[in-house]
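Chains Y and V, in that order, give the protein sequences.
Numbering (our numbering) for the first sequence: 1 to 223.
Numbering (our numbering) for the second sequence: 224 to 446.
Hints in this document: simulated from the structure, not taken from any laboratory.
A virtual CB, placed ideally from N, CA and C, is assigned to each residue, including glycine.
One or more of the hints may lead you astray.
Derived, one-sided and incomplete: chain Y residues facing chain V with beta-carbon distance under 8 Å [unchecked claim]:
| no. | residue |
| --- | --- |
| 1 | A70 |
| 2 | I125 |
| 3 | C126 |
| 4 | P144 |
If you want the footprint, here are the derived chain V segments under chain Y, 3+ residues with CB under 8 Å [what the hints assert, rightly or not]:
| no. | segment |
| --- | --- |
| 5 | 258 to 272 |
| 6 | 293 to 300 |
| 7 | 343 to 352 |
| 8 | 373 to 384 |
Distance windows between CB atoms, simulated [stated by the list, open to error]:
| no. | chain 1 | residue 1 | chain 2 | residue 2 | range |
| --- | --- | --- | --- | --- | --- |
| 9 | V | A430 | Y | G202 | 32 to 40 Å |
| 10 | Y | G92 | V | A302 | 30 to 38 Å |
| 11 | Y | G91 | V | D299 | 53 to 61 Å |
Protein chains: 2
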Amino acid sequence: MGTRTISVVENILDANDRIAQANQELFDSTKTFAINFMASPGAGKTSVILRTVQYLNSRYRMAGVDGDVATTIDADRMAAIGIPAVQINTGGTCHLDAVMLSGALPKIELSEVDLLIIENVGNLICPASFKLGSHLDVLIASVPEGDDKPYKYPKMYRGVKATLLNKIDLLPYLDFDVEYFRKGVEVLNPGLAFFQISAKTGDGFEAYIDWLRNQIDVYLERA
Amino acid sequence: MGTRTISVVENILDANDRIAQANQELFDSTKTFAINFMASPGAGKTSVILRTVQYLNSRYRMAGVDGDVATTIDADRMAAIGIPAVQINTGGTCHLDAVMLSGALPKIELSEVDLLIIENVGNLICPASFKLGSHLDVLIASVPEGDDKPYKYPKMYRGVKATLLNKIDLLPYLDFDVEYFRKGVEVLNPGLAFFQISAKTGDGFEAYIDWLRNQIDVYLERA
Numbered sequence: 001m002g003t004r005t006i007s008v009v010e011n012i013l014d015a016n017d018r019i020a021q022a023n024q025e026l027f028d029s030t031k032t033f034a035i036n037f038m039a040s041p042g043a044g045k046t047s048v049i050l051r052t053v054q055y056l057n058s059r060y061r062m063a064g065v066d067g068d069v070a071t072t073i074d075a076d077r078m079a080a081i082g083i084p085a086v087q088i089n090t091g092g093t094c095h096l097d098a099v100m101l102s103g104a105l106p107k108i109e110l111s112e113v114d115l116l117i118i119e120n121v122g123n124l125i126c127p128a129s130f131k132l133g134s135h136l137d138v139l140i141a142s143v144p145e146g147d148d149k150p151y152k153y154p155k156m157y158r159g160v161k162a163t164l165l166n167k168i169d170l171l172p173y174l175d176f177d178v179e180y181f182r183k184g185v186e187v188l189n190p191g192l193a194f195f196q197i198s199a200k201t202g203d204g205f206e207a208y209i210d211w212l213r214n215q216i217d218v219y220l221e222r223a
Numbered sequence: 224m225g226t227r228t229i230s231v232v233e234n235i236l237d238a239n240d241r242i243a244q245a246n247q248e249l250f251d252s253t254k255t256f257a258i259n260f261m262a263s264p265g266a267g268k269t270s271v272i273l274r275t276v277q278y279l280n281s282r283y284r285m286a287g288v289d290g291d292v293a294t295t296i297d298a299d300r301m302a303a304i305g306i307p308a309v310q311i312n313t314g315g316t317c318h319l320d321a322v323m324l325s326g327a328l329p330k331i332e333l334s335e336v337d338l339l340i341i342e343n344v345g346n347l348i349c350p351a352s353f354k355l356g357s358h359l360d361v362l363i364a365s366v367p368e369g370d371d372k373p374y375k376y377p378k379m380y381r382g383v384k385a386t387l388l389n390k391i392d393l394l395p396y397l398d399f400d401v402e403y404f405r406k407g408v409e410v411l412n413p414g415l416a417f418f419q420i421s422a423k424t425g426d427g428f429e430a431y432i433d434w435l436r437n438q439i440d441v442y443l444e445r446a
C-alpha cells in the first residue's frame with residue numbers, strides 16, 4: 001500500500017505545481033502581488049493579516065482568500081474591515097492547493113487588485129507541500145507554540161521567505177528562548193527575513209511593514 | 224483528479240481501520256490501555272503528558288510512542304523521566320496512522336505495560352481521520368490558540384472522548400472566552416469530558432487525573 005500511495009501523491013504534486021504556475025501567470029497578467037500566509041492553528045494569522053491590512057490599505061487595492069476546513073469566520077473578519085474576501089472551505093483537507101485557489105480566483109476582480117492576501121489552513125505540515133502560485137510565502141510562528149518548532153517542522157521553515165514571530169507580548173509569561181528559535185530558523189533557511197511582532201499591541205510592525213512594502217513595491221515597479 | 228484522489232483516500236482509510244482494530248486486539252491481549260493525545264503544534268502535548276506520567280507513575284507500568292515529522296525531541300523528554308519511548312518520524316506525513324503504530328509496537332514489551340501513551344503529530348486536522356486502535360482519544364487545546372477553534376476544526380472535536388484546555392495560567396493575558404469555547408465543544412460533542420488545566424503550574428490536574436485514573440482502572444478491572 002505504501003508505495004502506491006506515495007506515487008499517487010507525487011502525481012498530485014506535479015499537477016499542483018503546474019496549476020500553481022498558471023495561477024502566478026494570471027497574477028502577473030493583472031500585476032497582482034500574491035502573499036500566502038501560513039501558520040499553526042491559533043498562531044494569529046487573521047489578527048496579523050488584519051493589522052497588516054490597516055497599514056497597507058491606503059497604498060494598495062487589496063482582496064483576500066481564506067482557507068479553512070470549516071466556517072467563514074476568517075473571511076467575515078476580513079470583509080468586516082472592507083477587504084473583499086473569498087472563503088475556501090476545504091471540507092477536511094489540511095491545506096489549500098493550487099486547484100482550490102484557481103477555483104476561487106474568478107470570484108475576484110484581479111485587474112482591480114494590487115495585493116492579494118491568501119490565508120492558508122491552520123497547519124504546520126501540509127501547506128508546505130502545496131505551492132499556490134503566490135509571490136511571497138510567509139510563516140507566522142507564535143511564542144506560545146514553543147521555541148522548538150523550527151526543529152520539529154523543518155519543511156515549513158525551509159520553504160518560506162519570511163518568518164514573523166507573533167505574540168511577543170507574551171514573552172514575559174513563557175519560557176521561550178528567542179535565540180534558540182532563531183538559530184533553528186537560520187540553520188534551515190539562512191538569511192531568512194525574521195521579524196518579532198505582536199498583532200495585539202502592534203509592537204514590531206514598523207520594521208515588518210517596511211520590508212513587506214518594499215517587496216510589493218519592487219514587484220509593482222513603484223520602488 | 225479530485226474524484227480519483229478521494230477514492231484512494233477512502234481505500235487507505237478502510238485499510239487503516241482494519242489495522243487499528245488489530246492494534247486494539249493486541250493491546251487487549253496484553254491488557255494494555257492505550258491513550259492517543261492529539262493537539263496543535265505547541266498546545267503543550269509533551270508537557271501535559273510528562274505531568275500526567277508523574278501522577279500515574281507509581282500506579283501503572285507505562286511506555287510511550289511519539290509521532291513527529293522530524294526529530295526525537297519528544298521521545299527523549301519521555302525517556303528522560305524513565306518512560307521507555309519509541310519515536311515514529313513520519314517523514315512529512317501530518318498524522319500517525321495504524322500502520323505506523325503497528326510497526327512501532329514490536330519494540331515495546333506490551334505484556335509489561337499497563338498504560339501506553341501515544342503522542343500524535345502536532346496537527347488539528349489529519350489525526351482526526353486516522354484511528355490508531357487506542358482506547359481513549361484526548362484532545363489538548365490551549366488558551367493561546369483562541370476560543371474559536373472548536374468551530375473551525377469540528378472533526379477533531381467530534382472524534383475525541385475528552386478535551387483538556389491547557390495553559391489556563393495565560394487566561395489573564397489573553398482574550399479567551401471559556402464559555403464560548405466550551406459551547407462550541409458541547410455542540411459538537413455533547414457530554415464530552417472537559418478539564419481546564421495548566422501543565423506549567425499543575426492547576427486543574429487533580430480533577431483530570433481522577434477522571435483518567437478511573438478510565439484506566441475500569442479497563443484494568445481495578446476500579
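Counting residues of the segment 343 to 352 of chain V whose CB is closer than 8 Å to a CB in chain Y, do you get three or more?
-> holds (count 7)
Proximity test - 8 Å, beta-carbon atoms, the segment 258 to 272 of chain V to chain Y, at least three hits | Our answer is that it holds, as 3 residues pass the Cβ test (under 8 Å) against chain Y, meeting three.
Does the segment 293 to 300 of chain V contain three or more residues whose Cβ lies closer than 8 Å to a Cβ of chain Y?
-> holds (count 3)
When the nearest CB of chain V is found for I125 (chain Y), is that gap smaller than 8 Å?
-> This hint holds: I125 (chain Y) lies near chain V, its Cβ roughly 4 Å from the closest one there, short of 8 Å.
Given the range 30 to 38 Å, decide if the beta-carbon distance of G92 (chain Y) to A302 (chain V) lies inside it.
-> 35 Å, holds
Given C126 (chain Y) was flagged as interface, is its beta-carbon under 8 Å from a beta-carbon of chain V?
-> 5 Å, holds
Starting from the range 53 to 61 Å, see whether the pair G91 (chain Y) and D299 (chain V) falls in it by beta-carbon distance.
-> Between G91 (chain Y) and D299 (chain V), where Cβ atoms are some 37 Å apart, the hint is violated.
Quick check: the segment 373 to 384 of chain V, covered by chain Y? Criterion 3+ residues, Cβ under 8 Å.
-> holds (count 5)
With a cut-off of 8 Å, does the beta carbon of P144 (chain Y) approach a beta carbon of chain V closely enough for the hint to hold?
-> P144 (chain Y) check passes; min Cβ-Cβ to chain V is 4 Å, inside 8 Å.
May I ask you to test the hint 32 to 40 Å on the CB atoms belonging to A430 (chain V) and G202 (chain Y)?
-> The hinted range 32 to 40 Å holds for A430 (chain V) and G202 (chain Y), with Cβ atoms some 39 Å apart.
With 8 Å as the cut and Cβ atoms as the points, is A70 (chain Y) at the interface with chain V?
-> Holds, because the Cβ-Cβ distance from A70 (chain Y) to chain V comes to roughly 5 Å (cut-off 8 Å).
Hint 11 from the earlier list is the only one contradicted by this structure; the remaining hints agree with it.
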